[in-house]
Structures are given as structure tokens and as C-alpha cells.
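Student: Throw the hints in and build the complete structure from the sequences for me.
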Amino acid sequence: MNAESVMERIAASHAGQAARMAGGAAWARRRELALARVLGSGLPDRRNENWKYLDHAKIAEREFDPAPRVTLTADRLAPCLLPLAAARRLVLVDGHFEPQLSDADAGTGVVVHDLATLFSTDPAGAMRLLREPGDDSDDRYALLADAFAAGGLVIRVDANAAPAGTLYLLHVSSASLPGTSHARVVIEVGAGARLRLVEHFVALGDAPAFSNLAAEMQIAAGATVEHVRLHQSGGQSAQLETWVIEQQADSSYSQHLFALGGRLLRSNLNLSLAGSRAQCRLAGLFMVDGERQADLYTQIEHHGAATRTIQNFRGIASERGRGAFNGRIIVHPAARGADASQSSRNLLLTPLAEINSRPQLEIHTDDVKCRHGATIGTLDPAQLFYLLARGLDPDTARSLLTFAFCEDVITGVPLPELRRGIEELVVGRLPDRDVIRSFR
Amino acid sequence: MKSNQQELESLVGRKYRHGFVTDIASDTVPPGLSEDVIRVISTKKGEPAFMLDWRLKAYRRWLKMTAPTWAHVHYPPIDFQGISYYSAPKQRTDGPKSLDEVDPKLLETYDKLGIPLHERARLAGVAVDAVFDSVSVATTFKERLAEAGVVFCSFSEAVQNHPALIERYLGTVVPVSDNFYATLNSAVFTDGSFVYVPKGVRCPMELSTYFRINASKTGQFERTLIIADEGSHVSYLEGCTAPMRDENQLHAAVVELIAQDDAQIKYSTVQNWYPGDENGVGGIYNFVTKRGDCRGRNSKISWTQVETGSAITWKYPSCILRGDGSVGEFYSVALANHYQQADTGTKMIHMGRNTRSTIVSKGISAGHGQNAYRGLVKILPGAEGARNYTQCDSLLMSETCGAHTFPYIEVRNPTAVVEHEASTSKISDDQLFYCLQRGIAAEDAVNMIVNGFCKQVFKELPMEFAVEAQNLLAVSLEGAVG
Amino acid sequence: MMILSVRDLRVRAGERLILDGVTLDVRAGEVCAIMGPNGSGKSTLTGVLAGRPGLEVISGTATYLGRDLLAMPAEERARQGLFLAFQYPVEIPGVNNVYLLKASLNALRKHRGEPELDAFEFLNLVRAKIRQMQMDESLLNRGVNEGFSGGEKKRNEILQMSLLEPTLALLDETDSGLDIDALKVVADGVNALRSPDRAIVMVTHYQRLLDYVVPDQVHVLAGGRIVRSGGRELALELERRGYDWLREGTAAA
Ligand SMILES: Nc1ncnc2c1ncn2[C@@H]1O[C@H](COP(=O)(O)OP(=O)(O)OP(=O)(O)O)[C@@H](O)[C@H]1O
Ligand SMILES: [Mg+2]
Numbered sequence: 174m175n176a177e178s179v180m181e182r183i184a185a186s187h188a189g190q191a192a193r194m195a196g197g198a199a200w201a202r203r204r205e206l207a208l209a210r211v212l213g214s215g216l217p218d219r220r221n222e223n224w225k226y227l228d229h230a231k232i233a234e235r236e237f238d239p240a241p242r243v244t245l246t247a248d249r250l251a252p253c254l255l256p257l258a259a260a261r262r263l264v265l266v267d268g269h270f271e272p273q274l275s276d277a278d279a280g281t282g283v284v285v286h287d288l289a290t291l292f293s294t295d296p297a298g299a300m301r302l303l304r305e306p307g308d309d310s311d312d313r314y315a316l317l318a319d320a321f322a323a324g325g326l327v328i329r330v331d332a333n334a335a336p337a338g339t340l341y342l343l344h345v346s347s348a349s350l351p352g353t354s355h356a357r358v359v360i361e362v363g364a365g366a367r368l369r370l371v372e373h374f375v376a377l378g379d380a381p382a383f384s385n386l387a388a389e390m391q392i393a394a395g396a397t398v399e400h401v402r403l404h405q406s407g408g409q410s411a412q413l414e415t416w417v418i419e420q421q422a423d424s425s426y427s428q429h430l431f432a433l434g435g436r437l438l439r440s441n442l443n444l445s446l447a448g449s450r451a452q453c454r455l456a457g458l459f460m461v462d463g464e465r466q467a468d469l470y471t472q473i474e475h476h477g478a479a480t481r482t483i484q485n486f487r488g489i490a491s492e493r494g495r496g497a498f499n500g501r502i503i504v505h506p507a508a509r510g511a512d513a514s515q516s517s518r519n520l521l522l523t524p525l526a527e528i529n530s531r532p533q534l535e536i537h538t539d540d541v542k543c544r545h546g547a548t549i550g551t552l553d554p555a556q557l558f559y560l561l562a563r564g565l566d567p568d569t570a571r572s573l574l575t576f577a578f579c580e581d582v583i584t585g586v587p588l589p590e591l592r593r594g595i596e597e598l599v600v601g602r603l604p605d606r607d608v609i610r611s612f613r
Numbered sequence: 003m004k005s006n007q008q009e010l011e012s013l014v015g016r017k018y019r020h021g022f023v024t025d026i027a028s029d030t031v032p033p034g035l036s037e038d039v040i041r042v043i044s045t046k047k048g049e050p051a052f053m054l055d056w057r058l059k060a061y062r063r064w065l066k067m068t069a070p071t072w073a074h075v076h077y078p079p080i081d082f083q084g085i086s087y088y089s090a091p092k093q094r095t096d097g098p099k100s101l102d103e104v105d106p107k108l109l110e111t112y113d114k115l116g117i118p119l120h121e122r123a124r125l126a127g128v129a130v131d132a133v134f135d136s137v138s139v140a141t142t143f144k145e146r147l148a149e150a151g152v153v154f155c156s157f158s159e160a161v162q163n164h165p166a167l168i169e170r171y172l173g174t175v176v177p178v179s180d181n182f183y184a185t186l187n188s189a190v191f192t193d194g195s196f197v198y199v200p201k202g203v204r205c206p207m208e209l210s211t212y213f214r215i216n217a218s219k220t221g222q223f224e225r226t227l228i229i230a231d232e233g234s235h236v237s238y239l240e241g242c243t244a245p246m247r248d249e250n251q252l253h254a255a256v257v258e259l260i261a262q263d264d265a266q267i268k269y270s271t272v273q274n275w276y277p278g279d280e281n282g283v284g285g286i287y288n289f290v291t292k293r294g295d296c297r298g299r300n301s302k303i304s305w306t307q308v309e310t311g312s313a314i315t316w317k318y319p320s321c322i323l324r325g326d327g328s329v330g331e332f333y334s335v336a337l338a339n340h341y342q343q344a345d346t347g348t349k350m351i352h353m354g355r356n357t358r359s360t361i362v363s364k365g366i367s368a369g370h371g372q373n374a375y376r377g378l379v380k381i382l383p384g385a386e387g388a389r390n391y392t393q394c395d396s397l398l399m400s401e402t403c404g405a406h407t408f409p410y411i412e413v414r415n416p417t418a419v420v421e422h423e424a425s426t427s428k429i430s431d432d433q434l435f436y437c438l439q440r441g442i443a444a445e446d447a448v449n450m451i452v453n454g455f456c457k458q459v460f461k462e463l464p465m466e467f468a469v470e471a472q473n474l475l476a477v478s479l480e481g482a483v484g
Numbered sequence: 005m006m007i008l009s010v011r012d013l014r015v016r017a018g019e020r021l022i023l024d025g026v027t028l029d030v031r032a033g034e035v036c037a038i039m040g041p042n043g044s045g046k047s048t049l050t051g052v053l054a055g056r057p058g059l060e061v062i063s064g065t066a067t068y069l070g071r072d073l074l075a076m077p078a079e080e081r082a083r084q085g086l087f088l089a090f091q092y093p094v095e096i097p098g099v100n101n102v103y104l105l106k107a108s109l110n111a112l113r114k115h116r117g118e119p120e121l122d123a124f125e126f127l128n129l130v131r132a133k134i135r136q137m138q139m140d141e142s143l144l145n146r147g148v149n150e151g152f153s154g155g156e157k158k159r160n161e162i163l164q165m166s167l168l169e170p171t172l173a174l175l176d177e178t179d180s181g182l183d184i185d186a187l188k189v190v191a192d193g194v195n196a197l198r199s200p201d202r203a204i205v206m207v208t209h210y211q212r213l214l215d216y217v218v219p220d221q222v223h224v225l226a227g228g229r230i231v232r233s234g235g236r237e238l239a240l241e242l243e244r245r246g247y248d249w250l251r252e253g254t255a256a257a
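Residue numbers (our numbering), protein chains in the order written: chain B, 174 to 613; chain L, 3 to 484; chain C, 5 to 257.
By construction, these hints were calculated from the structure, which means they are not laboratory data. It cannot be assumed that every hint is accurate.
The following residues of chain B were derived to be distant from chain L, with all beta-carbon distances above 10 Å [unchecked claim]:
# : residue
1 : LEU216
2 : ARG509
3 : PRO532
Straight-line distance between alpha carbons at most 16 Å, and here's what the computed EDC-like set of lysine to aspartate or glutamate pairs gives [what the hints assert, rightly or not]:
# : chain 1 : residue 1 : chain 2 : residue 2
4 : B       : LYS542    : L       : GLU401
5 : C       : LYS114    : B       : ASP566
6 : L       : LYS428    : B       : ASP566
Where a beta carbon is used, it is the ideal one built from N, C-alpha and C, also for glycine.
Tutor: Encoded structure:
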């Protein structure tokens with residue numbers, strides 16, 4: 174590891190790039206300020222309750238300079254692509270939008286801007302568009318992304334638009350050399366619009382790359398968003414992401430998050446149910462084996478009346494894998510009639526693996542219905558015995574139950590072909606995968 | 003339901019019953035904390051040198067520590083120099099030999115509190131140690147206990163008469179440097195209770211300590227140490243009250259429990275410190291460290307608490323399940339009314355094989371009360387076959403109150419099974435209506451429903467106190483429903 | 005031929021001794037009924053024979069087709085043709101009912117050296133059986149027993165049994181919770197299985213099932229032992245007199 178401190182290396186990397194970054198004086202100032210705030214307060218560490226289960230050293234050891242830009246051909250991408258019929262593809266490579274790898278037309282009523290271009294052509298507009306991260310430690314990596322803001326995407330869906338098919342947002346980490354990339358994604362979904370978004374994270378190489386994504390989504394009144402997020406990066410990649418989502422009245426948002434890859438993933442979601450009757454459904458699954466680590470953090474704030482949350486997260490850890498779920502639901506005084514349920518169920522399969530779960534409820538009014546449950550354990554012995562008593566192999570029975578455990582999250586995935594693809598990926602991560610395949 | 007609601011709201015506000023002040027001459031050390039003050043306390047108590055060293059070590063540690071901020075409670079910084087660290091009712095130098103020597107005013111105080119110290123009037127089968135401000139004023143039933151070999155006395159007495167036990171066990175469960183308030187306690191604690199139950203002895207009666215803060219501008223820092231030797235059983239209960247004062251008073255106690263092989267300790271608390279008035283003025287800051295160490299195989303430590311008092315409560319009675327097959331339990335009812343804040347819960351640290359723990363926490367929030375459950379269940383790699391079940395329910399009784407649930411579940415053994423469930427809701431209108439329709443008055447209906455909600459915990463209390471706890475809850479909730 | 009032979013079996017669950025010396029023989033071609041008060045250890049007996057975890061054999065033996073049954077892992081017992089219809093069939097959400105049937109059948113066939121059925125053959129077979137059981141086909145594509153009614157679960161057990169064609173079937177209160185028609189269907193299923201080279205052990209509380217499936221032997225299990233054995237008339241007598249007279253009998257004996 175580099176002898177200099179993390180902060181020194183971040184500062185040095187910034188100094189090396191600042192002159193090249195677009196956006197003029199205003200942006201230069203904003204980045205400088207963001208950097209100063211990061212350097213002043215440092216990155217979160219274990220002493221911070223919301224970050225206590227993350228292996229911060231795995232991030233600290235990364236190279237904070239960007240890896241050299243690579244030019245990718247469509248052939249290079251082809252093997253990674255999900256089989257999504259009629260999807261419009263948008264590709265970010267190391268945080269930079271690549272028009273030549275993307276579909277020119279993102280669908281009726283969908284407008285896409287390359288942030289890199291916007292910084293040059295309309296720096297003031299970009300300034301308004303990009304949320305300025307706060308001082309909260311949960312926002313610290315977003316602040317870091319702000320300090321390095323250079324590339325990314327803005328996606329706008331017009332009011333009442335219902336683009337046919339799926340928007341497929343592919344995040345590629347080139348990972349041929351160690352390096353850090355920061356990306357910004359801003360999505361605005363107009364009133365009454367419908368959007369189906371599939372985000373897919375892949376790494377092409379095995380180098381220890383670090384990707385830091387800061388993203389936000391505004392969901393206007395009555396809009397509906399289905400969001401599938403699939404992390405499938407290679408062995409050494411580290412991914413940090415900070416999503417901030419705000420929902421207006423009568424909007425509906427669903428997310429399926431699959432953390433199936435990478436050396437380390439920390440996913441932050443801060444979702445605000447701002448308008449009345451807004452509802453969100455969050456499902457998540459992490460599978461950590463080898464030395465992998467997944468740390469899923471969500472904070473859902475009920476502000477509007479009669480808002481609803483259903484959260485269902487599952488985790489499986491084996492070998493030396495480490496998984497964490499950290500979910501907080503806050504019901505503010507105005508959120509009368511709020512209804513929230515939160516479930517975190519986890520399987521710990523081997524002696525050296527570790528799972529931590531912190532489901533949390535913070536309730537500030539009485540007219541609510543909230544509940545949560547969490548379990549960490551092994552496979553149910555009664556179920557296992559039932560299968561053995563029907564003649565199944567113990568290994569098969571275990572794999573089958575493990576898969577069944579994941580099914581609960583997978584079944585909700587909106588597109589059948591995507592669902593099957595994800596099923597296949599999950600099965601692929603289980604021991605005895607061939608037997609389970611024969612079951613499908 | 004509007005009319006129900008109004009009726010319920012009108013039920014608010016019976017006053018704190020134990021809020022009187024006993025007018026008694028006290029020997030009080032002036033406010034302020036320094037090594038000299040600690041020396042004075044130690045000298046007044048005639049302590050052996052090892053105790054003074056221990057206190058000073060703690061004090062030096064404490065100077066380097068900062069008050070914890072992670073709990074879900076808010077209060078202005080405490081001026082530790084504004085507190086008096088020693089206050090004792092003036093009396094004969096050696097302390098009372100029997101109840102006859104105790105100041106009648108004190109006896110009267112305890113009578114008023116419903117804790118008659120005269121043995122013939124005492125609750126059947128309960129031995130009481132009464133701690134008034136900083137010192138123990140009387141312990142009942144000593145002889146009968148002594149016959150069984152059980153040591154039950156004030157901490158000060160134990161330091162004099164059983165220094166070897168104290169030196170061997172003190173600070174072995176809650177180390178001197180454990181946390182800010184425990185360290186402060188280690189430096190300045192003045193009295194408390196001590197229990198030693200020898201091998202194979204079942205303590206023949208309930209033991210109980212009654213804590214009373216009387217003097218103003220004092221802090222109460224007591225220390226309790228209970229040792230249950232191999233195969234012994236003991237059930238212990240503590241109760242607490244304080245006068246109504248519009249200043250905040252600090253109570254920072256430390257309780258250490260040690261259970262050897264096959265020993266069982268049941269520790270029950272009915273905490274009714276002055277909670278402050280309905281505007282949040284005054285009340286006790288109750289910052290307590292309680293921890294039990296299941297050192298032996300198949301040992302068991304069970305915490306039951308009913309917490310209705312204090313302006314702020316910050317406590318997490320915990321079990322370290324070290325011995326194979328050991329069992330930890332935590333049953334809690336915590337009520338936060340008016341501007342009370344409670345951040346309470348437990349820690350179950352599973353180290354031994356086949357260790358089991360159960361957590362049942364019932365939080366009731368009313369008025370502007372804030373009630374947080376914070377619990378850690380940790381399964382270490384060696385805890386083969388460990389089991390935990392946690393159930394954690396909150397009842398909300400006003401628009402302005404808060405109920406929070408912050409569990410931490412950390413598992414590092416694949417044979418363990420940990421389950422946590424929690425729910426938060428208000429008193430169901432349907433339940434209330436059902437009762438009213440059957441002719442039950444609103445206040446009674448609410449009490450019935452609340453009692454039903456707490457039943458799982460109440461049934462863990464020793465019989466003599468279960469009723470007291472129910473009544474206490476009813477009183478504390480008066481005028482709270484809305 | 006002897007199919008099952010249990011000798012002086014003593015079994016503990018948790019801290020408790022539940023079976024305290026059970027001796028039982030089941031011959032090929034026989035149907036034997038086990039009756040006895042609640043909590044007497046009937047499910048413990050069927051469970052220990054099928055290899056349920058959490059039961060500890062303290063002493064005694066169980067021989068199945070001449071082999072030491074207790075030494076075999078649970079799946080091995082199943083593959084050797086021992087079938088347990090559970091008193092409380094467990095729900096396994098996420099595992100498709102029909103997939104389980106197929107995996108189970110193929111595991112048994114493979115063990116017997118028979119070729120696995122292809123999807124088409126399998127489905128035809130299942131369809132035929134499910135009609136026999138008068139079950140709704142939609143139950144096939146649900147999770148195993150997930151949300152099944154009490155009676156549906158029991159029928160599902162018998163469906164599995166008739167598909168797997170076991171040598172020894174242990175039916176633990178498969179008749180409880182069934183409506184009158186279902187009882188008939190289940191009884192038909194059991195009778196269809198009856199053959200000179202198989203045996204059936206039925207745990208039941210009611211004479212009703214025994215009217216349809218006439219037992220060769222009736223055993224009464226009480227206090228962890230077989231306290232009385234007899235022919236079908238014993239069941240009738242129990243129906244009339246309850247268990248008390250037997251308890252007195254054991255005390256005297
Ligand atoms: N793990 C265990 N620990 C302690 N006792 C147990 C355990 N498992 C079963 N038992 C007890 O053993 C006894 C026998 O149980 P079993 O299920 O075999 O009874 P049964 O004869 O099948 O009763 P029923 O007719 O009600 O089905 C019961 O009293 C039961 O509570
Ligand atoms: Mg039974």
C-alpha cells in the first residue's frame with residue numbers, strides 16, 4: 174500500500190487532474206470546495222455506526238488516480254451484455270459516457286445528456302442539475318465524486334411518457350490497470366411517466382479498480398419506476414455508490430438489487446417519500462463468497478401522509494464472505510398513516526463467513542404501522558429433512574433450499590428474460606449448480 | 003373515535019407520588035470533582051488502600067474520556083463540577099447496627115415510599131437494603147441470610163468485611179475503563195449493595211435494594227456486585243425513587259453480576275426515579291451500566307426491568323454468555339411520557355457453545371416521550387449452536403412521541419440461529435372500542451390493553467413486585483393517552 | 005419376509021426420554037396400525053425410523069430389509085424404499101412442488117438402476133396420479149406445501165407416496181384433517197399400494213380409516229412402549245373404551 178495517507182493521495186490526484194476538468198471557474202470552485210470538505214472531515218470509518226461493518230482498508234489501499242482512458246469496441250462488450258430484447262443501451266466506461274457504444278435514441282420521451290459535454294456547453298445548467306452533497310457521513314463519497322465531477326449522464330423522461338422497452342444503463346469498469354473512477358448520474362422522471370431501468374455493473378479486467386458512483390433520481394407525481402440493479406463486476410473491483418431518490422405524491426418506485434460480484438460493494442440508498450401516498454418496494458440480495466464483501470445501506474424517510482415501504486432483503490455468506498444489511502426507516506411527524514415493513518433474512522453457510530444486520534425503525538408519530546424482522550441462521554432443518562426423506566442428496570437439498578431462499582427476491586424482477594438471466598447467475602454462484610439447473 | 007380520544011386525553015396527569023423531600027441533616031461534600039474529593043470519599047468510608055488506588059486510576063482514565071453521543075437522547079452538557087459526589091444523612095459515625103439506630107425520619111421516608119424497613123411490617127420474604135443518597139442506611143434480615151451463608155450488605159460494609167471478595171471480583175465484569183459513566187462511577191461511587199451466595203445455596207428469600215436520592219445537587223453513584231457461586235440461585239430486586247426537583251440530577255450506577263457453573267441470578271428493576279414534570283423540567287439522568295457475566299457452564303442471568311421514571315434513561319443490561327450452555331434473558335418494559343427519553347436495550351454476547359438468549363422489549367411512548375430500543379446480539383465464532391430470539395414491540399400513544407428500534411445483529415458462526423422481530427403501532431381503535439362497548443371505562447380499557455402488551459415482561463417479575471409494576475405503569479400513564 | 009424389525013428401541017429428544025423400549029415387527033404384505041394417546045411417541049417412532057434429526061437413539065435396533073436402518077442417512081433410507089408421510093408436512097416456499105416430485109422420483113430410480121424419466125414421461129405419470137388423488141393440478145406448480153390447506157398437504161403426501169411406490173410406507177396421521185371424500189381417496193391410494201412385497205404402517209387416532217384400510221395388526225403405543233397388540237378388533241375396542249383401561253393394564257403388568 175502507498176505510504177502516504179489516503180487524504181494526501183486523494184489531494185494529489187485532484188491536483189493532477191483539476192486543470193483538465195471542464196466547467197470553468199464556477200465548477201473549479203465547487204470541486205475545490207468539495208475536496209476541502211472531504212479532506213477536512215475524512216472518509217467515513219468504522220467508528221461511524223453506519224459504516225461499522227465495511228472493510229475500509231480495502232478502499233484505502235486503492236489507487237486514487239484515474240486509470241488511463243481506454244477505447245472499447247462493441248465486440249469487447251458483447252459477452253457482458255444482458256439479453257434484453259428491445260432495450261435502449263447507454264454505456265458508461267470508467268464513469269464516462271460512450272456514445273459510440275450506446276443507442277442514439279433512448280426512446281420516445283427520453284432525453285439523454287452527456288455530462289462531460291454539459292460541463293463545457295452549459296456549466297450553469299450542470300450546476301443546477303447536480304445535487305450538492307451534504308456534510309453527513311452517508312454523503313461523503315458523493316462529496317468525493319463531486320470533487321472529481323467530470324463525467325456521467327443526465328436522463329430525463331418527459332411527463333406522461335412511457336418509453337417502450339427498457340433503458341439499459343451499463344456501467345463498465347475497464348479494470349485493466351488499477352485506478353479510480355467517479356461518475357454522476359442524474360435521472361428525472363416527469364409526472365405520470367413510466368420508466369423501466371436496468372443498471373448493470375461489469376468489470377472487464379482483474380485490476381483492483383475503484384468505482385465511485387453518485388446518483389440521484391427525482392420521481393415526479395404519479396410516475397412509476399421499475400429499477401433493477403445488477404452488480405456483477407470482476408474479482409478485484411471495489412464499488413461505492415450513493416443513490417439519492419426523491420418521490421413525489423402517488424409515485425411508485427421498485428428496486429431489485431443484486432450484489433453478486435466484486436471484491437467489495439458498498440451501496441447507499443437514501444430514499445425520501447416526500448409526497449403523499451408515494452410508495453416504494455425494495456428488494457435486495459447479496460451473495461458473498463471467497464473474500465467478497467457486500468454492505469447494503471438504505472435509509473428510507475417517510476415524509477408524506479399514507480406513504481408505504483416494503484423492504485425485503487436477503488443475504489448469503491459463505492467461505493470468507495462478509496455481508497451486511499443496514500436499513501433505517503424514518504417516519505416523520507407528518508407521515509400520518511405510513512406503513513412500513515422491513516425484512517432482512519440471511520444465511521450463513523460456512524464457519525469463516527460473517528453476516529451483520531441492522532434493521533432500524535425510527536418513528537415520530539403514532540398513526541403508523543411499522544414492523545421489521547431479521548434472521549441470521551442456517552437452512553431450516555425441518556425443510557432439509559423433508560427433502561432428504563424424499564431421497565434427495567444432502568448437497569442437492571442444501572443447494573435447492575439456498576436457491577429457494579433467493580427465489581423470493583428474484584421472482585419480483587419485472588422482465589422474464591432478465592429474471593431468468595439473474596436466476597442463472599444466482600444458480601451459478603451455488604455449489605452443485607448443475608443439479609439445480611436440472612430443476613429449473 | 004373522536005370522543006374516545008378526548009376522553010383518553012383527559013386522563014392525563016396524575017402526579018409523581020414519591021416526589022417529597024425528607025428534611026434531614028446531611029453530611030455533604032461540596033460540589034466539585036478532583037483527586038482530593040475522591041480521597042475524601044475513600045477516607046470517609048475508611049477504605050483499604052487498594053480501593054483508593056482503584057478509584058484514582060479510574061478518575062485519571064475518566065479525565066481523558068468524552069461523554070458518549072451515539073444514543074438517541076438529547077440533553078445539555080452536564081457540569082460535573084456542579085455536582086456533589088457525597089451526601090449522607092448525619093448519624094453515628096459507624097452507621098446503624100440495627101434499625102433502632104436509624105433516624106426515625108428515614109424510616110418514615112421509607113414507610114411513605116411503601117418500603118417499610120421494620121422487619122415485621124416488611125413484605126413477606128424480602129430482605130431490603132436501603133440506600134439513601136450516597137450511603138446504605140439499613141439492611142434487613144441479615145441474620146436469617148447469614149444462616150444460609152448468604153452475604154447481603156451494603157457495599158461499604160463488604161469492603162470492610164469481605165475485602166478479598168471485593169478485590170477479586172470488583173471491575174471484572176465492567177472494567178474501570180468500560181465507558182464514560184462507568185469510569186466516573188468507579189472513581190466516585192459511594193455505596194450500593196453486595197451479595198455473595200456460596201456454592202450450592204438457594205437464597206432463601208428475595209433480596210432487594212431501595213435507592214433514594216434525597217439531597218439536591220447531588221449525584222448518586224452506587225455500585226452493586228452480585229456473585230452467585232457454583233450451583234447457587236438468587237433473585238434480586240432494585241427499586242428507585244427521588245424527590246421532585248426542577249434541576250436534573252445524575253444517577254450513574256454500575257451493576258456487576260457473576261454467575262459461576264450452574265448458578266442463576268435473576269435481577270429485577272422497578273425504576274421510578276423522578277421523571278421531570280410534564281414540561282420536561284427536572285428529573286433524573288439515569289446513566290447506568292449493568293452487565294452480567296455467565297462465567298460458568300449452564301449458568302443463567304436474567305434481567306427484568308420496568309422503567310417508568312427518569313428524565314433520561316441510558317442503560318443496556320447485558321449478558322456475556324461465556325460458559326457453555328449458559329442462558330441470558332432480558333425482559334423490559336420502558337415507558338417514556340411527557341418529555342422523557344429512554345435509550346435502553348441489551349447486549350447478548352454469545353461466546354460459549356449452545357448458549358441461548360431471549361430478549362423481550364416493550365416500549366411505550368406517550369406525550370413527547372422518546373423511546374429507543376438498542377440491542378446487540380453478537381455470536382462469536384466459537385458459539386456453536388447458539389440461539390437468540392428477540393421480540394421488540396412499541397406502543398405509540400400520541401402524535402408527538404417517538405419509538406425507535408435499533409438492533410445490531412452480528413453473527414460469525416454458521417450453526418447459530420438468530421431471530422429478531424419488531425413492531426410499532428398505536429393502541430388499536432378496534433381493541434379500545436371493543437372494551438368501551440363492553441362498558442369498560444376508557445382509562446381502564448387503556449390500562450388493560452397496555453397491561454396485556456406488557457404481560458410477557460410482568461410475568462417475569464417476582465410475584466410481590468408484579469402488581470407494584472402494573473400500578474406504577476397505570477400511574478405513569480395517567481393523562482398520557484391521546 | 006420381514007420388512008421392518010424394531011427391537012427395544014429407546015429414543016430421547018432434547019432432555020426427554022420419549023421411546024422407552026419399543027419392539028415391533030412388520031412383515032411383507034402387512035398393514036399395521038399404530039394407535040395411542042397424544043404425546044405417546046408415535047411421531048417420534050416414525051421420525052426416528054425415517055432419520056429425523058434431533059432424535060437420539062440411546063439403545064435398541066431397527067432392521068430394515070435385513071440392514072441396519074439406524075446407520076443409514078435419511079436420504080439413503082428414502083432411496084431404499086422407506087417413505088414417511090409427515091404428520092405436519094413442512095412448507096418450502098421457492099421449491100416448486102413438481103420439481104421436488106421429479107427430483108425425488110429420479111433419485112430413487114437412479115438408486116434402483118433404472119433410467120431417469122424424461123420430462124414428458126414424468127409429466128404424464130404425475131398427471132395420472134394427480135387425477136387419482138383428485139387434486140387440483142395448479143398445486144403442482146406452487147411451492148412445496150406452500151399455503152396448502154391441511155387436507156391438500158395430506159393429499160400431496162399420498163401423491164408423493166403413490167409416485168414413489170415405497171417398500172415400507174409410514175403414514176403419520178395422514179387421515180387427520182381430511183374431509184370424508186378425501187379420506188376415501190387417501191384410503192384408495194393406500195390400498196392401491198398394498199401388495200405382497202410391501203408393508204404399510206399407519207399411525208391413526210380413528211377407526212374410520214381402518215374401515216377402509218383394514219389392518220392386519222393393531223398396536224397401541226403408550227408411555228413410549230407398545231402396551232398392547234392385536235387384530236383389527238383391538239381398534240374397535242379402543243374406539244369404545246378409550247385408552248384408560250390400557251394404562252391401568254400397564255401399571256399392573
Ligand atoms: N425435542 C423435544 N424435546 C422435548 N420433548 C419433545 C421433543 N419432541 C417431542 N417431544 C415430546 O415427546 C412426546 C411425544 O411426541 P410425539 O410427537 O412422538 O407424540 P405423538 O404420539 O405423535 O402425539 P400426537 O398423537 O399428538 O401426534 C410429546 O410429549 C412431545 O411434546
Ligand atoms: Mg404425532
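Student: Now tell me, hint by hint, if it's right for this structure.
Tutor: Hint check:
At roughly 19 Å from the closest C-beta of chain L, the C-beta of LEU216 (chain B) stays outside 10 Å, upholding its exclusion from the interface. Separation of ARG509 (chain B) from chain L is inadequate, the least Cβ-Cβ distance of about 8 Å not exceeding the 10 Å criterion. A beta-carbon of chain L is positioned within 10 Å of the beta-carbon of PRO532 (chain B); the least distance is around 7 Å. For the suggested pair LYS542 (chain B) and GLU401 (chain L), the alpha carbons sit about 13 Å apart, so the restraint of at most 16 Å is met.
Using a Cα cut-off of 16 Å, the hinted pair LYS114 (chain C) and ASP566 (chain B) holds, with the two alpha carbons roughly 12 Å apart. Taking the CA atoms of LYS428 (chain L) and ASP566 (chain B), the gap is near 49 Å; set against the 16 Å cutoff, the hint is violated.
In summary, the numbered hints that this structure violates are 2, 3 and 6.
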